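Got chain A; can you put chain B on it based on the hints?
Number of protein chains: 2
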Amino acid sequence: MADDSATATAGSKSERTRQRILDSAAKVFREQGYGARLTDIAEEAGMQAGSLYYHFDGRESLVAEVLRLGVKSAFDQVREAVEAVPAGAAPLQILEVGVRAAAATNLEVGDYAAANARVFPMVTEVVRKEHYALQQEYGDYLQDLLQAAVDAGELRADLDLAVIRMLLFGAMNWTTEWYRPDRGRSAQVVVDQLVDMVLGGLVSRDHNS
Amino acid sequence: MADDSATATAGSKSERTRQRILDSAAKVFREQGYGARLTDIAEEAGMQAGSLYYHFDGRESLVAEVLRLGVKSAFDQVREAVEAVPAGAAPLQILEVGVRAAAATNLEVGDYAAANARVFPMVTEVVRKEHYALQQEYGDYLQDLLQAAVDAGELRADLDLAVIRMLLFGAMNWTTEWYRPDRGRSAQVVVDQLVDMVLGGLVSRDHNS
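Protein sequences, first through last, are from chains A and B.
Taken in order, the first sequence gives residues 522 to 730; the numbers are from this note's numbering.
Taken in order, the second sequence gives residues 522 to 730; the numbers are from this note's numbering.
Just so you know, the hints here were simulated from the structure itself, not pulled from any lab data.
Any given hint could be a false lead.
Since the list gives no way to pick out one identical chain from another, each pair is judged satisfied if it fits inside one copy or across any two copies.
The calculated EDC-like cross-link candidates involving lysine to aspartate or glutamate, where the alpha carbons are at most 20 Å apart (straight line), are [as the list claims (entries may be wrong)]:
id: 1; residue 1: 650; residue 2: 552
id: 2; residue 1: 593; residue 2: 665
id: 3; residue 1: 534; residue 2: 578
id: 4; residue 1: 650; residue 2: 698
id: 5; residue 1: 593; residue 2: 536
Owing to the predicted nature of the structure, the values given are computational and were not obtained by experimental measurement.
Next up, chain A with everything else stripped away, as it sits in the complex:
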C-alpha cells in the first residue's frame, strides 16, 4: 500500500511537471515558432534541459503533444458544455452553447491555439496526420450541431456547412492573433459579438434586403 501510494504521488508529480513543460512549450513555440530553442522551453518551465528530455524525447514529440492537447482541451470543453444542456433544448440553443464554449476556450488556451497555427505547417507527416484526424473529429462535432439546427429549420437551408464550419473556426482561431485581455475588452464581449455576428448576422432585422 505504501508503495502504491508513493507511486501515485510520484506519478502525479510527474504529471504536473509534464503539464508545466507543455504550458511552457506552448508559450515558447507561440513566440519563436517551430525552431524554438528547447533550452528556452526548459528555462520557462524552471528546469534543466536535461530534465526536459526525461519527459519528452525531443522537439517533435513535444510539438505533437502541444498540438494534441490544444485541440483536445478545446474539444473536451465544448463537449462538456453541450452535454450539460438540459434535455429537450432546441438544436439552435445547443449550437449556441457549443459555439460559445469553443470561442471561450480558444481565448483561454491562447498559447496552445496560437502555437498550433505557428508550428503546424512544419511538423512531420506522421504528426500532421494524427493531428488532422483529431481536428477533423472536433470539426465534425461542430458541424453536426450546425446540421441539427438546419434540420430543425432553425438555420437557413442554403448553407454549405463544411465551409461555414471552417469560417467559424477561422473567426475563433484568429482571436489568439489579436485579442489581449489587458486592452479593455473582456473575453465575454468577444464571444458575444461572435455569436451575434455568426448566428444573427450583422444586418439589422428591420432592414429589408
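Below, chain B without anything else, positioned relative to chain A:
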C-alpha cells in the same frame, strides 16, 4: 531619350525579378516559417543566393517586404472595388463589395497571407510597428465601411465594430489555412458563404429567436 528608355527597361526587368523573389519568399516562408533558408528562396526564384542579395540585403528586409506587399495588395484591391461602386449605392451594398473583395484577395494571395501569419510574431520591433500601422489602416478602412452601414440603419446598432472587424478578418485570413482550390469548391463559394454568414447570419429569417 535613349538613356531614359534603357533605364526604364532595366528598371522594369529589375522590378520583375524583385517580384519573382517576393513571390518565392512568400511561398517558402509559408512552408518553412521565419527560419526559412534563403538558398531555398533563391532556388524557388531560379537564381543564385548571391543574386538575391543584390535585391534584398537579408532575411529581415525580405520578410518586411513580404508582409507589406501582402497587406498592401489586399488593401489596394478592396479600395479599387469599393471605388468602382456606382455613386448613390447604399452603404450596405458598398460594405458587401468591400468584404467580397477582401475575402477574394485573401484566397488569391494565399502565400502572402499565410506567410504573414507564420512569420509576423518573429519579426523585429521596427518591422512589426511599420507593418502594424499598415494593417491598422486597412482595418480602419473596413471598419469605416461597417460604420457607414450602421449609421444608415442597415446594420444593427448594438455591434462592437472594433471586435467585429477582427472576427471578420479572422474568418477571411484563416481561409489560407484550409482552403485548397483543388478540393471541389470554388473560391466564389467560400466568399458567398462568408457574406451570407456575416451579413445575413446563419439563423433562418423565418425563425423567431
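Results of checking the hints against the structure:
For a Cα distance limit of 20 Å, the shortest separation of residue 650 from residue 552 across copies, 17 Å, qualifies, whereas the shortest one inside one copy, 24 Å, does not. Only within a single protomer do residue 593 and residue 665 lie at most 20 Å apart by alpha-carbon distance; the minimum there is 18 Å, versus 38 Å between protomers. Taking the shortest Cα distances, residue 534 and residue 578 sit within 20 Å of each other inside one copy (19 Å), while across copies they are farther apart (50 Å). Only between protomers do residue 650 and residue 698 lie at most 20 Å apart by alpha-carbon distance; the minimum there is 15 Å, versus 25 Å within a single protomer.
For the homomeric pair residue 593 and residue 536, the shortest alpha-carbon distance inside one copy (17 Å) is at most 20 Å, but the shortest distance between copies (47 Å) is not.
Hint check: no violations occur; every hint is consistent with the structure.
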